[in-house]
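Chains as they are written, first to last, in my numbering: chain D, 1 to 102; chain V, 103 to 229.
Simulated from the structure, these hints should not be mistaken for laboratory data.
Watch out, some of these pointers could steer you wrong.
Okay, derived cross-link-like pairs now, DSS-like style, lysine-lysine, Cα gap no bigger than 27 Å in a straight line [as the list claims (entries may be wrong)]:
hint, chain 1, residue 1, chain 2, residue 2
1, V, 150, V, 125
2, D, 14, V, 150
3, V, 117, V, 150
4, D, 3, V, 125
Partial pick of chain V residues on the chain D-facing surface, computed with a CB cut under 7 Å [said to hold, decoys possible]:
hint, residue
5, 103
6, 104
7, 105
8, 113
9, 133
10, 151
11, 162
12, 173
13, 177
14, 183
15, 186
16, 188
17, 190
18, 191
Simulated restraints on C-beta separations [stated by the list, open to error]:
hint, chain 1, residue 1, chain 2, residue 2, range
19, D, 50, V, 115, 46 to 54 Å
20, D, 60, V, 116, 29 to 37 Å
21, D, 76, V, 120, 14 to 22 Å
22, V, 174, D, 14, 24 to 32 Å
23, V, 155, D, 89, 25 to 33 Å
24, V, 155, D, 70, 19 to 27 Å
25, D, 38, V, 123, 32 to 40 Å
26, V, 121, D, 46, 32 to 40 Å
27, V, 194, D, 85, 29 to 37 Å
28, V, 116, D, 11, 20 to 28 Å
29, V, 152, D, 33, 39 to 47 Å
As the structure is a prediction and not an experimental result, all values here were calculated from the model.
Cβ coordinates follow ideal geometry from the N, Cα and C atoms, glycine included.
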Amino acid sequence: MLKGRVIGEVWATKKCPALAPYRLRLVVEQGASGASTGRVLVAADELDTETGRLVMVSFGSGARNAIRPGASTNRDLVCECAITQVIEGDSAEEDSERDVSR
Amino acid sequence: MILARVVGEVWATRKHRRLQGYKLLVVRPYCWYEPAHEAGHLVAIDPKLDAGRGDDVIICMGAPPRWQSEGDAMPVEAAVMAVVDRCEIDEAAFGPPRPLEFLGGPPPTLAVGRIRTEPIAPGRGRC
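Excised from the complex, chain V in its bound form:
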């Protein structure tokens, strides 16, 4: 799973029929672990949790998002699995001072110790 912030929503009229009725969120990952996918943004479905713009969320990748929605036939591979209330980082364990950064684009960096809660400046999160 990865930690990310919801920066927007995508609407599409023409889309796969099984995606009808699901909210598609644009999220920006913090320090993604998978180098093959180091994109600045990621689109994830939100089957149950009703996350909104500015929320920090945990994104689950792979097969669980399909089971969480309608099963193996769903054309998705990323879903919101939790909405973060609070996040704590131990500076000593994280190593040399390094902010928890967004990937891609200008980094609204986070101070180590606490996830910043104010929303990203308007316009930053647009695709």
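Just chain D, same shape as in the assembly:
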């Protein structure tokens, strides 16, 4: 899993039909210090996360299981990144906010 911050959204009409109910969000990776590394990935979002929130992103079959459990039945989901947790509080985040305000 990877910690990141939701920075935006992607809209696509032509996409895998099984993913139609889910939003596709842009997430920037957060390093150990809480600062963003600048690496951006696209993750399916079933939690309706607000932009700007810190989240945990799962990869691979873990991501598909988060959307629909069943390793053999969720193969129609063309997806390998999903937002699985919205982080409420994090000491690293507080540190980085302190850095910004400085």
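Place chain V on chain D using the hints.
Just chain V now, with coordinates in the frame of chain D:
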């Protein structure tokens, strides 16, 4: 998944037999998250969506591209899973002003806020 732009197409006569009939696209990723693969270009198959040069697409890596085409025996690990209509980035959340950049080569950078829609200058996307 990663965000990328289609910059070209690859044709090959001698290729794996299971790849016959599939379109192979050359894409340039924006800000790839996987450091082990920080190449400027990536080749992805386009099983269903018929993406063209200049389109922004979402590339899915790993096993799903195989299931989307012909199953576990397919020799692929990257596929186009969506063609992007619109993309919005919140500048405040993205942090310090930083354009969304292509990796590798001269960066046709994108203004934060909206993915640029004009095609890359001719010649830039060639392998």
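These are the hints, each one checked on the structure:
1. V:150 / V:125: 9 Å, holds
2. D:14 / V:150: With Cα atoms ~9 Å apart, residue 14 of chain D and residue 150 of chain V stay inside 27 Å; holds.
3. V:117 / V:150: At roughly 20 Å apart (the allowed maximum being 27 Å), residue 150 of chain V and residue 117 of chain V satisfy the hint.
4. D:3 / V:125: 34 Å, violated
5. 103: Residue 103 of chain V check passes; min Cβ-Cβ to chain D is 4 Å, inside 7 Å.
6. 104: Hint holds; residue 104 of chain V Cβ to chain D Cβ min 6 Å, cut 7 Å.
7. 105: Hint on residue 105 of chain V: holds, closest Cβ of chain D at ~6 Å, below 7 Å.
8. 113: Violated, because the Cβ-Cβ distance from residue 113 of chain V to chain D comes to roughly 23 Å (cut-off 7 Å).
9. 133: 4 Å, holds
10. 151: Constraint on residue 151 of chain V satisfied, holds at 5 Å.
11. 162: 5 Å, holds
12. 173: Hint violated; residue 173 of chain V Cβ to chain D Cβ min 9 Å, cut 7 Å.
13. 177: It is violated, given that the least Cβ distance between residue 177 of chain V and chain D is near 17 Å, above 7 Å.
14. 183: Residue 183 of chain V check passes; min Cβ-Cβ to chain D is 4 Å, inside 7 Å.
15. 186: Holds. Min distance 5 Å.
16. 188: Status holds, d = 5 Å.
17. 190: 5 Å, holds
18. 191: Holds, about 4 Å.
19. D:50 / V:115: 46 to 54 Å: At 50 Å between Cβs, range holds.
20. D:60 / V:116: 29 to 37 Å: 32 Å, holds
21. D:76 / V:120: 14 to 22 Å: Since residue 76 of chain D and residue 120 of chain V have Cβ atoms about 20 Å apart, the given range 14 to 22 Å holds.
22. V:174 / D:14: 24 to 32 Å: With a Cβ separation near 25 Å, residue 174 of chain V and residue 14 of chain D satisfy 24 to 32 Å, so the hint holds.
23. V:155 / D:89: 25 to 33 Å: Because 46 Å falls outside the window, the suggested range is violated.
24. V:155 / D:70: 19 to 27 Å: 37 Å, violated
25. D:38 / V:123: 32 to 40 Å: 38 Å, holds
26. V:121 / D:46: 32 to 40 Å: 33 Å, holds
27. V:194 / D:85: 29 to 37 Å: 22 Å Cβ-Cβ, so the 29 to 37 Å window is violated.
28. V:116 / D:11: 20 to 28 Å: The hinted range 20 to 28 Å is violated for residue 116 of chain V and residue 11 of chain D, with Cβ atoms some 39 Å apart.
29. V:152 / D:33: 39 to 47 Å: 43 Å, holds
Hints 4, 8, 12, 13, 23, 24, 27 and 28 from the earlier list are contradicted by this structure; the remaining hints agree with it.
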